Each structure stands twice: as structure tokens, then as C-alpha cells.
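Colleague: Residues per chain, in single letters:
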Amino acid sequence: MPKVQLDEIQRRLIREIADLHKIPEGAYNFRANSKLAGRNTTANIDITSKEDKSGIDIHVKAGTKNESVHIPVVISDTGINETVYNDFYIGEDADVLIVAGCGIDNCGSQNSEHDGVHRFFLEKGAKVKYVEKHYGSGDGTGKRILNPVTECYLEEGASMEMEMEQIKGVDSTERSTIAKLKKGASLVVKERLMTHGDQTAVSLYKIDLDGEGASGDVVSRSVARDNSYQKFDAKIIGNAPCHGHTECDSIIMDNGRILAVPGLEANDIDAELFHEAAIGKIAGDQLIKLMTLGLSEAEAEEQIINGFLR
Amino acid sequence: MLELKNISYEVDDESGFKEIIQDLDLVIQDKKFVVITGPNGGGKSTLARLIAGVIKPTSGQILLDGEDITDKSITERARLGISYAFQQPVKFKGIRVVDLLRIAAGKQLSVSQACHYLSEVGLCARDYIEREVNGSLSGGELKRIEIATVMARKTKLAVFDEPEAGIDLWSFQNLIRIFENIREEIKDSSIVIISHQERILNIADEIVVIADGKISDQGEPARVLPKLLGTEAAVDACARLQ
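Chains as they are written, first to last, in this note's numbering: chain P, 4 to 313; chain F, 116 to 357.
Next comes chain F alone, as it looks inside the complex (with noise of 0.2 Å):
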């Protein structure tokens, strides 16, 4: 179980003072499929980077499994089990797919089993094992290579920062299909998607709408999701091409 406890941060720069969140509880229990939505700006990200430690909260407290980790770093939270997707996947030279997917393991995997993590999300692993993690591959496959890396590492909690974001609609469609099987497979992890997408919003335990840094309602899809549609915060496919 995650918690964030009366979580601000604050920035302070040339553009002056601003409070990306403020104040903000939330709990994300075990076992379940959360999805993060809002107006653009609304804090969504910064909230995902906040639980990655990625940056640090000026004020409030993390918890996970009661165990405070609003100190720990990148590294210490990672090793405790929360594992986070970029939304804009990181390209490296020399690195291959194969080395990404060993990395996130934690050991060395054989071919077959880097193969099987390929083939969940998609792609045909025996094109893509050997290559680099670069700009030779497309938006679609290194997006879909991010979120192979954050499966292999087989966490209590993974958040996936839009995972939609910068791809063409028909790699969109593969991607639904993606965690629509997560959603079937989940068994003792909670996942966190920061998504507008009707069709992921759908498959949701709870949507937590995040507008001006706060939480603005919080539900269960059924109860939620009427009153999002027709808002930026939960788009169909096609609103993309638009």
C-alpha cells in the first residue's frame, strides 16, 4: 500500500513562486488498477515523479507498506519495489534491449525469457533484442520497450506516466491491448496509470481526477468517468486524430 500524507511541492523560479501540489492525500491500495487523469498542468506527472523520488515533496510524507520512504532515493525506492514508467522513454548509446531488460530483472536473463517480456508488449523479440535503445527506434517501440523494462521488474507497484503519449493511433490500439492484460494478470501488484484514455479509464478500479494539485473527485469508474466524458480528461482514440 502507497500513501502520500498532506504531500506540497512548491517551486521557486524565474517564473516565480508556484504550487504544483498541494496539500494531497491518497492511498493506493494493494491489488489494485488506479488511473490518474486531469487537465493538462494539473500536477500528474509531478505526482508520479514525486512517488518515484525522482524529486522530492517540500513538505508531507510517503509511505510505502507503512515504511516512511519520503527521504529514500531513486535507487532505494526502486529496490523497495516501485518501479515507474517514462512518458518520455530515455534513449542511450551502446545500450541494447536485451541489456535494459537484464538491468530491470536484476539478472541475467536468458534470451527466451528477455523474448517473452518483448512478446507481452508486442513486439517481435527476435528484431528487437539485439537492438540499441536509440533514436533508430520509433516513439511506438520505445515506448512499448519502457514498459517491457518496468514488467521484468515484477513490482509491488508500478506507475506508468502516459504511457500514450507520442505514439500513432495504431500502436494506441496495441498499447490498450497491453494493459488490458496487465488488468487480467494483476495479481499481488497495484498498478498506477497517469492516462485521458477512455478506454483505460474504463478497466480502472478508481480514477483519481488531479486538477490544480489537488484531487479533484475520486471513484469508481461508474461513478467517475460520466462526468469526465467530453472533457480532456478522458478522451476516446479518435479525439487523438483530431
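With the rest of the complex left out, here is chain P (with noise of 0.2 Å):
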């Protein structure tokens, strides 16, 4: 098994996105550059590499209690271009934190692109709280891209929240997250996202809740600065007696442009469903009190996207 290692970049872009500043309690799989830098298991997690393509599968044994997985992607080479397919397996009953995140820094000229396939299978009554960051830095001409995708499938009883959260510096994504709820079983995401210069992010959600009292909760807060642009396309359909809600709330500001398309579908008389989508500028009072208090007018934008974004 492969001691970790990684060099000065890399430990920088793992505090970015894990807030790991060593290396981690419990099971653990890091990629650094396409290649995997450390891993660890434990007596309830178990990590293999896939044998058929790049990447991993994650499986945490039944009745598993607050345990955690990490699987943080670092990279720092210019032109790397993958697609990396991460299986997670949850026992049922199973009670478990798993944070992924993806960093890269360009410095080069050629695209850098990481493209991170994920799945989650939740047992009956599992239960994951997966935390998803990505962070992309480095002055070169080369762009960052992530693309990630996220499934969930989660059998009677299962919940699943999953927070995500891109701040900065990566030029373009479009995430793709789509779930499938059985009976009693729920979902709740909570999306942070902030675009500036030309940046471009897409976020597509489709949550179908399948069985009774199944219920979905997409919440989206985002920043659109410069001449960045955002689309924010969640779907929810409701095909038995459930409850499901999306929120929308963005900020514009500068030459910054949003798409909010929230979209609902009610196939069970007795499906629940609502959205709600608000976007404008940071209000003029919010301002004004915050200058009251003696910041200057850029303090008091950062203070009230900081809070924003919390």
C-alpha cells in the first residue's frame, strides 16, 4: 500500500477542498496526477481499484457507525484530461461522512480536466452525509474544468445529504446529479457556487421520488461576478405520495448572468411539490448598514456574499 505523498501544490489544494491539513482518520483514497497517492482501509471500509477502468469502489459494511471516507483528487500537472468512475456501496443501516473534492492548478497552457463519475448505492436505512468541494487555482492560460457526475440510489428508509460547493477558479463545469428514492427515504442537497471572470457552471439535477413518503430538498445558493454565467436546472418529479422542494437563491453582480429553470412534475395525486427561485443584485440597505458599521462598500459586498455563501 503506497504511503502518501504528496509535494507542497498538491498539500495546498488538499486544504482547499478537504480542510485536510494531515492526512485523515479512517479510510482514505487519495489521487494525486491521474495516480493514486495513498490509500487506507479499515476493518468496516474496504476501497479496491476498479479493474476494467480508472477508479474506485467504496464498500462500508452494514451497521458501520460514524466512520469516514476521503477521497480527495489533486492535480497539478498541466493537460491532464480523466474520467474517473468512484462506486460507493452503503450497507444498510450503515451511518457514514464520505468527502470528496477535486483540486486543480494550471499553471501550464493546456486544459486541465477532471471528470468524476460517482455512485451511490444506500441500503435500507443507511445513512451519508457526502461532502463535495472542488477549488481550482494557477495563473496559466490553460482552463480547469470539472465535470462531475453524481447518482443516488437509495433503497427504503435511506438519507442521504450531500453538500457541494465550488468557490473559485474553475473555468467550467457542469454537474450532473440525479437520484431515485424508494419508500420513506430522502435527499437533501445543498448547493454553494460562485463563478467569476468567464466562467461557465451548469448544475442539473433529477430527483425522481419513486416510493411513499419519499421526500427530495435541492437548496442552491450562487454568485455570479464579472462575465461569468450560470444555469441552475433542477427537476423533481413526483411519482408517489411525497414531498419534494427547490430553491434557487443567486446573486448577480457586475456583467453576471443566471438561468434559474426550476422544474417540478407531479405524476400522484398526492405528490407535493414546490420551488422557489429569486435572483438579484446584493440589496442597497444591506449595504448601507454594513457601511454604517464602518466598512468600505467592497468589504461590505464580501461580508454579505461570505454569509451568502455560508
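Treat each hint with caution, since some may be false.
DMTMM-like cross-link-like pairs, simulated, lysine to aspartate or glutamate; straight-line CA separation at most 20 Å [stated by the list, open to error]:
{"hint": "1", "chain 1": "P", "residue 1": "Lys171", "chain 2": "P", "residue 2": "Asp60"}
{"hint": "2", "chain 1": "F", "residue 1": "Lys206", "chain 2": "P", "residue 2": "Glu302"}
{"hint": "3", "chain 1": "F", "residue 1": "Lys187", "chain 2": "P", "residue 2": "Glu302"}
{"hint": "4", "chain 1": "P", "residue 1": "Lys193", "chain 2": "F", "residue 2": "Asp351"}
{"hint": "5", "chain 1": "F", "residue 1": "Lys222", "chain 2": "P", "residue 2": "Glu302"}
{"hint": "6", "chain 1": "F", "residue 1": "Lys208", "chain 2": "P", "residue 2": "Asp10"}
On the chain F side, residues computed to face chain P include the following (Cβ under 7 Å) [said to hold, decoys possible]:
{"hint": "7", "residue": "Ala167"}
{"hint": "8", "residue": "Ile170"}
{"hint": "9", "residue": "Pro172"}
{"hint": "10", "residue": "Leu179"}
{"hint": "11", "residue": "Leu195"}
{"hint": "12", "residue": "Gly196"}
{"hint": "13", "residue": "Gln202"}
{"hint": "14", "residue": "Phe207"}
{"hint": "15", "residue": "Lys208"}
{"hint": "16", "residue": "Arg217"}
{"hint": "17", "residue": "Phe287"}
{"hint": "18", "residue": "Ile291"}
{"hint": "19", "residue": "Ile293"}
Which chain F residues stay away from chain P? Per the calculated CB distances, all over 10 Å, these [as the list claims (entries may be wrong)]:
{"hint": "20", "residue": "Asp214"}
{"hint": "21", "residue": "Glu247"}
{"hint": "22", "residue": "Arg268"}
FYI, nobody ran anything at the bench for these hints, they're computed from the structure. If you're wondering where the values come from, they're calculated on a predicted model, not measured in any experiment. Backbone N, C-alpha and C fix where the C-beta goes; we use that ideal spot for every residue, glycine too.
With the hints in hand, could you dock these two chains into one complex?
Modeller: Structure (C-alpha cells):
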């Protein structure tokens, strides 16, 4: 089993995406520049490399409690283009934290792209908290591109909470999340996104609520500044007596543009589906209030955005 | 000391030309508790906004300790020592009570320091410090947090625009106590409160009555207040229930 060996840039990226200052406790799989940089398994969590393609299988035993899995990816070479398939199998009644994330530092002239395809299979009553952060840095002309795909399959009574965050430096991203929920299963997604420069970010959701009492909640908060563009397209389909909610709350600045397309489809008389969407610039009275407390206009903006994206 | 010299504020919009403040002169001396009252629409809130720099006068001069601040921005005035509590407290998304207090104090407050300001305004700090300053808080709670942010700044001049507006009677009684405390503790700072409340007018060093954009009367409560009683410029708490 390789020991974790990372250079300074890679360690900085890891800090940004996973808040990790050292090697975490529990299971982990570090990937750096398309190669395995370190792995640890536990008695309850096994990680194996896929044979037929790039990626890993993560198996969490039934009943596993209070354990975590970290699977950070860092790219510091220019011109890397990879697609990685990671499958998570979460046993009955297990309760785990999974932290994924991708940091790209591209100082070169070629594009670097990482497309992660994550599939989650939650058995009955399993519970997962999944945290995913994306971060890009480097001043080269090569673009930093991330196109994550997330698929979630929740059996009866399973629940999943996802936090997705992309605050800086990724030039282009198209995120696609699909989920299928059986009886009594629940999915809560909290998305935080900030784009600047000429970035584009597309976020697509398709949540199928197939079982009685299933619930889905997608809440997105985003900020589009400079000339960036965002599209938020969230569709919830109620195929049973269920409860679905999507919310897109956005701030636009400079020449930023946002398209919000909330979609609801009810195929059952007892499906209850809601959506909310709001886009606007920072409220003038919020700026004035913080300026009366002594902040400059730019500092006030920063505080308002930091709070909004918390 | 704050001096307003020949201040006028005019607006010219769709509804026509209007002079909201007309050639007004006012001096707020150091270490004074001044209450500004007068009929609604008389220009009181406009005056508070002119002092804070939210709007600029059409003509005239504003001096703080002799320094001309007429053209200074909101931020510059705040840094020179002017605080302003909004009539309608602003709500935020994601900014917590403790964040606002830290910004106001201009430094990293410890939790116990932040709690001190909240208990000053009668809020149980533990319950509020991590709360977001949003619509989940009641009007009275937001109002008291607004006052706490101004107190945390410890500036030489604080202007409160109708602190009693929009809060329930129970909160109002507490609010009066807060201002009575501020009145007791006033040391190096001056306080200007825009209020119609008899109990607040009673504790003033000076009452300024503004009507139709001008000062119609000014002086000690003993002389000015009796003339105001029974008018909308001085109401008791129960008048709020009628």
C-alpha cells in the first residue's frame, strides 16, 4: 500500500478541498495527477481499484457507525484529462461521512480536466453525509475543467445529505446529479457556487421520488460575478405520495448572468412539490448598513457574499 | 460636536419638487442626549440619513468636531465616529448576530464580549449569538440587535431613528429601559434619538421639534415637553394600543 506523498501545491489543494491539514483518520484514497498517492482501509470500509476502468469501489459494511471516507483528487500537472468512476456501496443502517473533492492547479497552457462519476447505492436505512468541494488555482492559460456526475440510489428509509461547494477558480463545470428514492427515503442537497471571470457553471438535477413518503430538497445559493454565467436546472418528479422542494437563490454582480429553470412533475395525486427561485443584485440597504458600521463598499460586499454562501 | 449649517434637502421626482429640509441649523453638543420629535413627514428621518451620509444635502454644511464632513461617504463618517441605527433593521442571509457585532466592534470579539452587548439590550445572548440576522427574528429582536450593533461601535455620536417603530408593546417597555441605561452611562458620547415617546422625551437633555423641514422649537424638556403633550409629537405607550 503506497504511503501518501504530496508536494507543496498538492497539499495546498487538499487543504482547500477537504479542510485536511494532515492525513485523516479512517478510510481514505488520495489521487494525485491520475495516480494513486495513498490509501487506507478499515475493518468496516474497504476500497479497491476497478479492474476495467479508472476508479475505485468503496464498500461500507452494514451497521458501520461514525466512520469517514476521504477521497480527495488533486491535479497539479497541466494537460491532464481524466474520467474516474467511483462507486459507493453503503450497507444497511450504516452511517458514514464521505468527503470528496477535486483541486486543480493549472499553471500550464493546456487544459486540465477531471470528470468524476460517483454512484451511491444506499441499502435500507443507510445514512450518508457527502461533502464535495471543487477548487481551481494557477495562472496558466490552460483551463481548469470539472464535470462531476453524481448518481444516488436510495433504498427504503435511506437518507443522504449532500453538500456541494465550488467557490473559486474552476473555468468550466457541468454538474449533473440524479437520484432515485424509494419508500421513506430522503435526500437533502445544499449547493454553494460562485463564479467569476468568464466562467460557466451548469448544474442539473433530476430527482425521482418513487416511493411513498420519499422526500427531496435541493437548495442552491450562488453568486455570479464579472462575466460569468450559471444555469441551474432542477427537476423533481413525484411518482408517489411524496414531498419535494427546490430553491435557487442567487446574487448577480457586474455582468454576471444566471438562468434558473426549476421544474416540477407530479405523477401522483398526493405528490406535494414546491419550488422557489430568486435572482437579484445585493440589496442596497444591506450595503448601507455594513458601511454605517465602518466597512468600505467592497468590504461590505465581501461580508454579504461570505454570509450568503455560508 | 456635530453642527448642521443651513442644511437643505430637496427632491425633484415624478411627484414634483419638494423641499424636505429647509435651511436648517442645528448643533449637537458633546455628551448630550438629544431627542428629535415632530409630526410624521416633517423631515426627522431625512435628517438622520443626512447625518449618517446615506443622502447628501442639496446645500449647506455638516461639521463633526469642526471638520467638514459634507462630502464624506457613509464609510468615512462611520470611521470618524458616527453611528446610525436604522428605523427598519436590515435583514441578511447567512450573516449571524455575532458577525454583525464583530463588524460593528471592528475587531474579533470573544463570545463573552459579544454576549455582553446582547445582554445590554435584554437578549439572552446564548440563544441569539449564532442566529442569522434574517426574518426568523421578530421585529423587536431585530430592533434590539440593531441597537446592540450601534452600542458595540462605541462612537462619539450615535443616531437612532425611531427605535420604537414596529415593535410590540412588551418589547417597547424593555427598549425604554435600554435607553434609560444608555442615558445613565453616557460618558463621552452624544446620542440623538428620533422618537415620539413621552418617556424618551422625558429623559432628554434637549428636545428638538421638527415640522415642515424646519426646527419649530428647541430646548429643555421642562419647557418644550408640556407644549407637545397631547399631540402626535409626544405619545405615551398606551397610545400605541389605540
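Colleague: For every hint, state whether the structure bears it out.
Modeller: Hint check:
Distance hint between lysine 171 (chain P) and aspartate 60 (chain P) is unfulfilled; the C-alpha atoms sit about 29 Å from each other, more than 20 Å. Between lysine 206 (chain F) and glutamate 302 (chain P), the direct Cα distance comes to roughly 17 Å. Compliance with the 20 Å bound is thereby established for this hinted pair. Under the criterion of a C-alpha separation no larger than 20 Å, the hint pairing lysine 187 (chain F) with glutamate 302 (chain P) is consistent with the structure, at around 17 Å. In summary, the hint linking lysine 193 (chain P) to aspartate 351 (chain F) is not supported, as the alpha carbons are separated by about 49 Å, beyond the 20 Å threshold.
The suggested pairing of lysine 222 (chain F) with glutamate 302 (chain P) holds, with an alpha-carbon distance near 14 Å, which does not exceed 20 Å. Taken as a hint, the lysine 208 (chain F) and aspartate 10 (chain P) pair is broken in the structure, with Cα atoms around 38 Å apart against an allowance of 20 Å. Using the Cβ-Cβ criterion of 7 Å, the hint placing alanine 167 (chain F) at the interface with chain P is satisfied: the shortest such distance is roughly 6 Å. Evaluation of the isoleucine 170 (chain F) hint against chain P yields a violated restraint, the C-beta minimum of about 10 Å exceeding 7 Å.
Checking proline 172 (chain F) against chain P by beta carbon gives a least distance of about 17 Å; that is not within 7 Å, so the hint is violated. Residue-level restraint check for leucine 179 (chain F) is violated (minimum Cβ-Cβ distance to chain P is 15 Å; threshold 7 Å). With 7 Å as the threshold, the beta carbon of leucine 195 (chain F) stays out of range of chain P, its nearest partner Cβ sitting at about 10 Å, so the hint is violated. Proximity of glycine 196 (chain F) to chain P is violated relative to the hint, the smallest CB-CB distance being about 10 Å (cut-off 7 Å).
The interface hint given for glutamine 202 (chain F) is broken, as the beta carbon of that residue sits about 11 Å from the closest beta carbon of chain P, more than 7 Å. Evaluation of the phenylalanine 207 (chain F) hint against chain P yields a held restraint, the C-beta minimum of about 6 Å falling below 7 Å. Because the beta carbon of lysine 208 (chain F) sits about 5 Å from the nearest beta carbon in chain P, less than 7 Å, this interface hint is met. Restraint check, arginine 217 (chain F) versus chain P: the minimum CB separation of about 10 Å is more than 7 Å; hint violated.
At its closest, the beta carbon of phenylalanine 287 (chain F) sits 22 Å from a beta carbon of chain P; the interface hint therefore is violated under the 7 Å criterion. For isoleucine 291 (chain F), the interface hint is violated, the least distance from its beta-carbon to any beta-carbon of chain P being 24 Å, above 7 Å. With a least beta-carbon distance of about 19 Å to chain P, the hint placing isoleucine 293 (chain F) at the interface is violated under the 7 Å criterion. The Cβ of aspartate 214 (chain F) sits about 7 Å from the closest Cβ of chain P, inside the 10 Å cut-off, so the non-interface label is violated.
Glutamate 247 (chain F), annotated as away from the interface, has a beta carbon of chain P within 10 Å; the closest lies near 8 Å. Under the 10 Å C-beta cut-off, the non-interface status given to arginine 268 (chain F) relative to chain P is violated; the minimum distance is some 7 Å.
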